[in-house]
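Please model the entire structure based on the sequences and the hints provided.
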Amino acid sequence: MATRGFFGRQRAPAGVAERLPPGQYLEEGFPVLTAGATPRVATSEWSFTLDGLVGERRTWSWEEAHALEGSGFEGDIHCVTRWSKLGTSFAGVSVDTLLDLAGVDEAATHALASCYGGYTTNLPLADVRGGRAWIVWEYEGRPLPAEHGGPARLLVPHLYFWKSAKWVKGLTLLDHNEPGFWEQYGYHDYGDPWKEQRFQGD
Amino acid sequence: MTTTSVQPKPVPWQLGTVTSIRPETPRAKSFCLRLPEWRAHLPGQYYTIRLTAPDGYQAIRSYSVASSPLDEGEIELTVDCLVDGEVSPFLHDVVEVGDELEVRGPLTEYFTWRGTSPLLLVGGGSGIVPLMSMLRHRRRALPDVPVRLVYSVRSPEDVFYRDELGDETTLTYTRRTPEAWSGATGRITNEIIGPLAWPDGRAYVCGPNGFVETATGLLMECGYEPDRIRTERFGPS
Chain R
0 MATRGFFGRQ RAPAGVAERL PPGQYLEEGF PVLTAGATPR VATSEWSFTL
50 DGLVGERRTW SWEEAHALEG SGFEGDIHCV TRWSKLGTSF AGVSVDTLLD
100 LAGVDEAATH ALASCYGGYT TNLPLADVRG GRAWIVWEYE GRPLPAEHGG
150 PARLLVPHLY FWKSAKWVKG LTLLDHNEPG FWEQYGYHDY GDPWKEQRFQ
200 GD
Chain F
0 MTTTSVQPKP VPWQLGTVTS IRPETPRAKS FCLRLPEWRA HLPGQYYTIR
50 LTAPDGYQAI RSYSVASSPL DEGEIELTVD CLVDGEVSPF LHDVVEVGDE
100 LEVRGPLTEY FTWRGTSPLL LVGGGSGIVP LMSMLRHRRR ALPDVPVRLV
150 YSVRSPEDVF YRDELGDETT LTYTRRTPEA WSGATGRITN EIIGPLAWPD
200 GRAYVCGPNG FVETATGLLM ECGYEPDRIR TERFGPS
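In the order they appear, the protein sequences are chains R and F. Counting in numbering that gives the first Met the number 0, the first sequence runs from 0 upward without gaps. Counting in numbering that gives the first Met the number 0, the second sequence runs from 0 upward without gaps.
Honestly, I wouldn't trust all of these hints.
Going by beta-carbon spacing under 7 Å, a handful of chain F positions derived as facing chain R [said to hold, decoys possible]:
| hint | residue |
| --- | --- |
| 1 | K8 |
| 2 | P9 |
| 3 | Q13 |
| 4 | L50 |
| 5 | V93 |
| 6 | D98 |
Quick caveat, the hints were computed from the structure, so don't treat them as lab data. Idealized CB from N, CA, C, for every residue including glycine.
Structure (C-alpha cells):
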C-alpha cells in the first residue's frame, strides 16, 4: 500500500541498487554506533585469544598477530540501522589462519566473540571459516580508528555489522549457541542482511 | 506441566493513524499515532516508519517514542527535520492528521528504563526524545524516583517539550542563550555534569555521536562505571 503523497526522492543508481540488501540505503560516510563508551586500548596492551573448544588455547600479541600472513577484505558492509557502505577495504588476518594454528575441536559449532569494554556477539562457527571472517586493524589503508573498533575489530561482512565486533579480544568456540550482547536485547541471532534478519523472530 | 521453548515472534508492521501533530520547535514536530495493535513500550524504545511510493520504492527510518506507555493505544514520536533527509521532511511537510503510516515496534531492549533509581538523563538536541519518555513515565508511574536531566541545545528556540521541563532540568545553550540567562552555557563539561551525578543508578545518554562520546567520558570521570551508562547515538559521525 502506497503512503499518501510519498514518492521518494532518492533512488539508488544502477550498479548500486542490486548491491543494497532489502531495506538498506546507501551511506557515503561511516556512521559510528556503539553501545556505551568507546574503549581506548593501546596496541601494547592488546592481545587476541582463541579458546574454548580449540586444540590448544592460543594468544597473540599485537606484534605476533601482525607477523602472521596478512589478509584483507574489499567489498560492502551492511548495518542493521539500515545504512550500507559499498566498496570498503579492511586489512588484518583471516580468522582461518588463527583457527588453523589453534586447531578446532570437532564438537565446536559456534563462536562467541568477546571485546574490550565487555561487548559480545555470537556466530555459527561456519560463518567465521572459509575466508569469510577477519581480525582487521586497517581501514582504507590506515590504522583502524578507535571509534570504529581500533586497534582491531572482527570483520564478518556477510552478516549485519553488529556481528563485526569492535575492540575484539577473543573468540571462544562452543558446542552450542550463546546469544551475545545485542542478541540478548532483541536482535537476531544470525543477522543475514539479505533475509532482513534484524530482530528476534525475523 | 511441560515447558516449551518459545520461538520469538516477529514484531508486526501495522497501520497507525495520525491523530495530532504538534510543533515542538521550528525544526521538530511531535506526531501522535493511534495503533490498532498497540503494545506497551519500555521508555527508551523506538518505532520504525516505512513509507511506500506508488512504484513500490520504500524508505524506512527509526524514531524514538516520546510518550509514556501509560498512554494506551497511542504513541507519540518526535521527529527532527533533517535538511538532507528523505523521511523526516516528508513527515514534516506532507503528513496531516488522519493520514495512515506504516510502523513497526516497539523495538530493542537496550536503551530502556525499567524503573531503576536514581535516574540521570543526558540529552543533546533531539536526543531528548527517548529521555522524555522516561521523564514522562517517571512523573506518572514512579514519581518518587529521583531524576536529573542535563539537556544541551543550541539556542532557546531549539528546546523540545519546554512546558514540561521543571526543576529536574539543567539546560545548557551552546550557541545562543535566552536574554538574562544565568545558567550554563557552552558544551557540557565536568562543571555542569559533576554536581548532578548520582553515586548509584544508571545514566542514559542520547544525542549525536560526538555529544555522546563527550558525555560518557565526563560521566566516567564523575564515577559512573561503564555498566551504569546506557547510550543511544544518532546522526552522522
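Taking the hints in turn, this is what the structure says about them:
| no. | hint | result |
| --- | --- | --- |
| 1 | K8 | holds (5 Å) |
| 2 | P9 | holds (4 Å) |
| 3 | Q13 | violated (12 Å) |
| 4 | L50 | holds (5 Å) |
| 5 | V93 | holds (4 Å) |
| 6 | D98 | holds (6 Å) |
Of the numbered hints listed earlier, the single one contradicted by the structure is hint 3.
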